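Residue numbers (my numbering), protein chains in the order written: chain A, 59 to 502; chain B, 59 to 502; chain C, 59 to 502.
The set of hints was computed from the structure by calculation and includes no laboratory data.
These numbers come from a predicted model, not from an experiment.
Certain hints may be false.
Put simply, identical chains are the same to the list, so a pair is met inside one copy or across any two.
Claimed, not checked - Listed next, the in silico DSS-like pairs over lysine-lysine satisfying Cα-Cα at most 30 Å (straight line):
| # | residue 1 | residue 2 |
| --- | --- | --- |
| 1 | Lys431 | Lys162 |
| 2 | Lys424 | Lys304 |
| 3 | Lys137 | Lys339 |
| 4 | Lys148 | Lys317 |
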Amino acid sequence: MTSPNLLTNVSMDAAGQEMYQFIQELYPICRSITGSGLRDTLKRISDRITLEVHEVPSGTQVFDWTVPREWNIRDAYVKDQNGHRVIDFKQCNLHVVNYSVPVKATMTLADLRPYLHSLPDYPDWIPYRTSYYQERWGFCLTQRQLDQLKEGTYEVCIDSTLENGSLTYGECVIRGQEQSEVLISCHVCHPSLCNDNLSGIVLSAWLASYLSGIDLRYSYRFLFLPGTIGSITWLSRNEDRVNRVKHGLVVACVGDSGKLTYKKSRRSDAEIDRAALHVLKHSGDPYAVLEFSPYGYDERQYCSPGFNLAVGSLTRTPNHAFPEYHTSGDDLDFVRPEFLSDSLTKYLRIIDILENNRCYVNLSPKCEPQLGKRGLYRSEGGKIDQHCRELAMLWALNLSDGSHTLLDIADRSGIQFSVIRDAAAALAAHGLLKEIAYSSKGLV
Amino acid sequence: MTSPNLLTNVSMDAAGQEMYQFIQELYPICRSITGSGLRDTLKRISDRITLEVHEVPSGTQVFDWTVPREWNIRDAYVKDQNGHRVIDFKQCNLHVVNYSVPVKATMTLADLRPYLHSLPDYPDWIPYRTSYYQERWGFCLTQRQLDQLKEGTYEVCIDSTLENGSLTYGECVIRGQEQSEVLISCHVCHPSLCNDNLSGIVLSAWLASYLSGIDLRYSYRFLFLPGTIGSITWLSRNEDRVNRVKHGLVVACVGDSGKLTYKKSRRSDAEIDRAALHVLKHSGDPYAVLEFSPYGYDERQYCSPGFNLAVGSLTRTPNHAFPEYHTSGDDLDFVRPEFLSDSLTKYLRIIDILENNRCYVNLSPKCEPQLGKRGLYRSEGGKIDQHCRELAMLWALNLSDGSHTLLDIADRSGIQFSVIRDAAAALAAHGLLKEIAYSSKGLV
Amino acid sequence: MTSPNLLTNVSMDAAGQEMYQFIQELYPICRSITGSGLRDTLKRISDRITLEVHEVPSGTQVFDWTVPREWNIRDAYVKDQNGHRVIDFKQCNLHVVNYSVPVKATMTLADLRPYLHSLPDYPDWIPYRTSYYQERWGFCLTQRQLDQLKEGTYEVCIDSTLENGSLTYGECVIRGQEQSEVLISCHVCHPSLCNDNLSGIVLSAWLASYLSGIDLRYSYRFLFLPGTIGSITWLSRNEDRVNRVKHGLVVACVGDSGKLTYKKSRRSDAEIDRAALHVLKHSGDPYAVLEFSPYGYDERQYCSPGFNLAVGSLTRTPNHAFPEYHTSGDDLDFVRPEFLSDSLTKYLRIIDILENNRCYVNLSPKCEPQLGKRGLYRSEGGKIDQHCRELAMLWALNLSDGSHTLLDIADRSGIQFSVIRDAAAALAAHGLLKEIAYSSKGLV
């Protein structure tokens with residue numbers, strides 16, 4: 059059987075605008091790996107999709123880690139002698155080192171300096187710093203701000219709490235015909251940063267919303283997690299169900315102007331890897347492919363050797379490769395609706411391959427069947443398209459020997475997956491091909 | 059044991075002339091996939107080699123196909139109002155759409171136009187068109203002819219018959235020591251077209267004649283078939299014997315000035331593929347290698363998944379890649395004796411490898427044997443040749459461990475097959491190597 | 059467990075000087091495949107390392123070969139009519155064809171000419187010629203010497219003996235924790251030639267001396283053999299112990315200015331091949347890699363199909379690839395201490411990999427362990443170094459699944475072996491990795 063073509067009836071322009079607007083809505087919230095900002099974000103996501111929100115108490119052991127205490131912040135500032143806020147959390151939540159312990163003090167500039175972080179090479183950007191697992195505090199500011207600070211005494215305040223509470227994450231499951239799952243995971247712990255990773259959040263939410271209206275082959279599990287500790291927590295609580303995950307993608311940095319970049323799963327030739335490569339190769343756009351490395355986003359956990367899931371990551375410019383990364387430069391101007399929608403197109407095409415990658419056997423394997431008498435050959439139609447369709451049918455017949463999936467056939471023939479898929483569907487409709495089950499390995 | 063070197067005692071110049079003259083003889087005949095032109099062609103081939111001619115009745119079911127009715131044509135023309143033949147089958151048999159049903163009519167030019175085919179981009183060439191499986195009629199003419207046709211009434215006549223009869227094909231089998239066969243297949247259904255495929259016919263006939271005088275390892279089966287329906291018919295009638303075919307080549311387009319092009323079998327690394335690549339690589343001439351695709355000549359049928367025979371195709375410029383293809387431009391000037399003989403040389407070298415590709419074991423596998431005391435090392439002789447011969451002996455000794463054929467050794471060492479073959483023969487003569495049987499896989 | 063880093067506490071400059079001085083000491087001796095020059099050389103090596111010297115009687119059958127009679131030479135010359143030595147063995151031992159039978163005669167220049175060998179293209183160099191297995195005599199001289207010989211009568215004398223005696227070779231074994239051996243083999247049969255192969259002798263001797271003071275994993279077997287017949291003799295006498303050899307290198311031509319060149323073992327992907335490639339790739343210096351061929355030094359015998367040992371060869375410019383090869387141009391100026399020490403560095407790095415290439419399993423394979431709480435992550439230290447160390451730990455954790463050795467991990471990550479080794483040691487010290495045995499195959 060064939061799943062619907064996922065790209066029909068989608069206005070990619072509207073989708074881009076919709077995703078961008080959702081970024082605008084989420085941008086001001088001060089998120090962290092725990093706390094009310096994270097909860098607020100999940101709440102807004104659950105306005106759009108059916109989201110199960112989980113709370114995991116501080117102190118819970120999750121493999122080698124412990125769920126940390128919950129962090130909340132109300133205000134933070136540095137005031138000069140005139141009572142003027144020279145650094146103000148209310149202006150930008152990046153100004154405070156994320157997970158700072160509370161502080162209330164008066165200090166000279168000299169004493170304050172070790173707690174101040176700036177970027178001399180990018181004097182207009184505020185850096186994004188965190189200290190989740192060591193109790194510290196600090197402020198981040200632009201180099202220009204720092205340079206203007208005069209010697210003197212400053213009032214320093216971080217009105218935060220670090221107390222027992224819980225870690226929050228959201229899960230959206232869409233049931234398909236199979237129990238096997240496609241995992242879509244994004245991190246939701248970054249404060250006012252757009253590409254990393256509001257872009258990932260909004261693309262995931264859009265996808266979840268869209269797929270929930272479609273008759274699907276696979277079940278889809280969308281995870282909205284705080285980075286690292288969130289995926290570790292989820293894996294720890296779902297250890298016995300993890301083997302359902304057949305394919306997966308980590309979604310991040312999908313809104314910038316850079317080219318698409320696919321980072322392979324640890325397995326390196328899993329079906330998800332081959333599907334992503336096929337889409338990028340046939341996109342006509344520039345792209346990059348990276349081998350797996352155990353450094354990056356939550357694929358680090360999904361691809362740890364005890365799980366070794368077939369999870370890759372599709373980004374535009376990868377983390378660390380754009381100067382705006384983890385700075386206030388990653389703002390609402392750095393991401394654009396058209397890049398979001400272009401990324402979405404690729405995600406949809408990959409999912410379309412996963413949904414439609416079937417294995418057929420040729421029921422007439424000795425010599426070619428006579429396509430002409432069935433109206434499948436040299437029938438009317440645009441000449442070039444028609445030749446490509448015919449070629450696709452010949453390839454589908456030739457390689458449907460029980461050891462090639464449609465993706466194998468598309469890759470070997472060099473023909474786009476969707477053309478092979480349609481050719482196979484036409485041949486199956488005429489009784490020339492018959493679908494069979496195939497193992498997740500996808501033999502070539 | 060060693061088979062004779064197939065290239066000694068052959069005058070390639072004479073062979074080229076002989077093949078070209080046979081093309082000249084066959085050129086005027088109006089062939090089709092059935093009928094008297096095809097029979098006449100096979101008759102002339104059987105003047106040169108022992109050919110078994112088969113007749114398969116119209117209506118015979120051959121896998122998914124049905125042998126069509128037999129087509130014969132005596133005359134065809136379009137006469138203008140003055141009774142002048144403006145299109146005349148007797149001048150060139152391409153003028154009529156091959157397999158045209160009979161027609162006798164008087165028509166205006168306007169009514170006639172849909173039945174006329176020309177090539178606006180090549181105004182001096184008549185296109186070659188067929189309609190085997192749909193009952194149509196039509197004429198082909200040059201664009202210049204078409205442009206000169208004046209409005210008015212024309213007398214249209216195609217004096218053809220499409221009646222129950224039979225499909226004819228020829229088979230020439232040369233018995234070797236083994237039952238395993240090398241299949242050489244060419245199509246014989248094209249009318250006055252030289253490269254595609256009179257060149258293939260004459261090269262096959264020359265080869266069959268030559269090999270019938272030689273003591274061979276393999277049996278050779280030459281098939282002279284109408285394209286597609288012919289190979290399907292042969293496979294259908296020989297289904298239980300097909301597994302004897304160990305290697306095969308489809309011969310076509312071997313007379314033009316282009317470089318040699320080898321299209322791999324579906325298996326892609328069969329011994330025939332490796333032998334052909336070895337020959338082309340060591341030829342010193344430019345060449346091209348194409349991966350298998352299920353589009354082309356009768357390899358489509360031999361390589362269908364139900365057979366998956368080790369059949370490649372060696373052409374010069376492949377079909378569709380020269381503008382003269384399927385036009386009157388593919389004439390006696392388009393092919394030349396020297397290109398035919400160059401193609402033949404490569405075919406002979408490939409067959410020479412198949413015949414002589416043996417597997418030996420080193421009977422003195424621990425350390426090198428002392429070649430010097432056997433007169434095999436640094437004996438007299440041209441210095442460079444001698445060094446290459448010695449190297450070939452060292453390679454043959456080193457890799458004759460039961461898992462490498464001579465072709466494996468030639469490929470790994472980078473030394474020409476014939477030099478390795480001679481080195482192995484010398485070592486075997488001195489009791490240092492012993493031939494063993496090897497599977498058709500040819501381990502590396 | 060981890061073996062010591064072999065490159066600490068070595069002064070490479072001093073090692074280079076030491077090796078060069080040993081070359082100077084050995085240079086004047088007239089060595090051959092048997093005889094007193096060979097014995098004298100082994101004696102001087104045994105002044106530096108514990109060497110077992112073996113004597114194998116002439117006539118002993120060693121596989122397909124026979125140990126030849128022993129050759130010794132006292133003097134050789136050609137005197138002109140004035141009694142002046144125009145060719146004098148005492149000036150350079152290359153002047154006599156090695157293994158020349160004794161001769162005492164008076165001859166005209168015309169009669170003498172067939173016995174004289176020179177190099178017209180290199181008129182200042184004396185060629186090096188041998189005739190071990192055919193009884194001949196001859197003189198080698200520079201082209202300039204030859205050109206100056208006047209017609210007339212010459213007194214010819216070669217005061218040599220070719221008598222029953224023995225073939226001599228030396229063996230130095232250093233016991234490690236394992237019975238498995240690393241074989242280091244060099245040829246010791248060349249007379250006054252520096253790169254080929256005094257350089258190999260002195261590097262081997264230096265290595266043997268150095269390793270004898272270290273607690274080692276493997277046992278090391280150093281062989282100082284006459285070329286070809288020596289390794290055949292050794293293999294013949296040690297046939298039942300050969301399977302202990304797990305890795306091996308043939309040492310030759312390691313003192314010239316050319317780039318390092320690694321010639322792979324016949325297996326082509328043995329651990330020794332991968333270790334050598336890793337070292338060369340990460341050296342930052344230019345290098346070359348050659349596929350195995352059965353032509354070269356004693357790897358020909360070690361890699362014969364009946365043994366197929368994992369023995370490669372690491373040289374600088376390979377034999378035959380420098381014009382000084384086998385001429386008097388391969389003298390004390392052609393090799394330099396700095397090139398010897400550079401070659402030694404690479405040998406030590408390769409051995410360091412062999413010694414330290416272990417296989418670990420991650421004891422915390424589900425998700426990453428929390429490195430931070432163990433002080434392994436983002437602790438103080440130079441930032442870039444620290445990031446590389448952290449990456450190395452992540453790679454070691456990720457790939458330590460029982461099917462990757464540290465070398466596999468280094469190769470896949472692109473990180474230098476020593477960094478991976480240290481990362482694994484740190485993780486093992488914290489109980490995160492545990493060493494397991496692994497087969498010599500080194501799975502990837």
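>> Treating 30 Å as the Cα threshold, decide for Lys424 and Lys304: within, between, both or neither.
In response: between (34 Å within a copy, 17 Å between copies)
> Quick one: Lys431 to Lys162, C-alpha cut-off 30 Å, is that within a copy, between copies, both, or neither?
Replying inline: Intra 86 Å, inter 28 Å, cutoff 30 Å: inter-copy only.
>> Treating 30 Å as the Cα threshold, decide for Lys148 and Lys317: within, between, both or neither.
In response: Neither: 34 Å inside a copy, 63 Å across copies.
> From the Cα coordinates, with 30 Å as the cut-off, is the pair Lys137 and Lys339 best called within, between, both, or neither?
Replying inline: neither (54 Å within a copy, 56 Å between copies)
The structure does not agree with the numbered hints 3, 4 stated previously, though it agrees with the rest.
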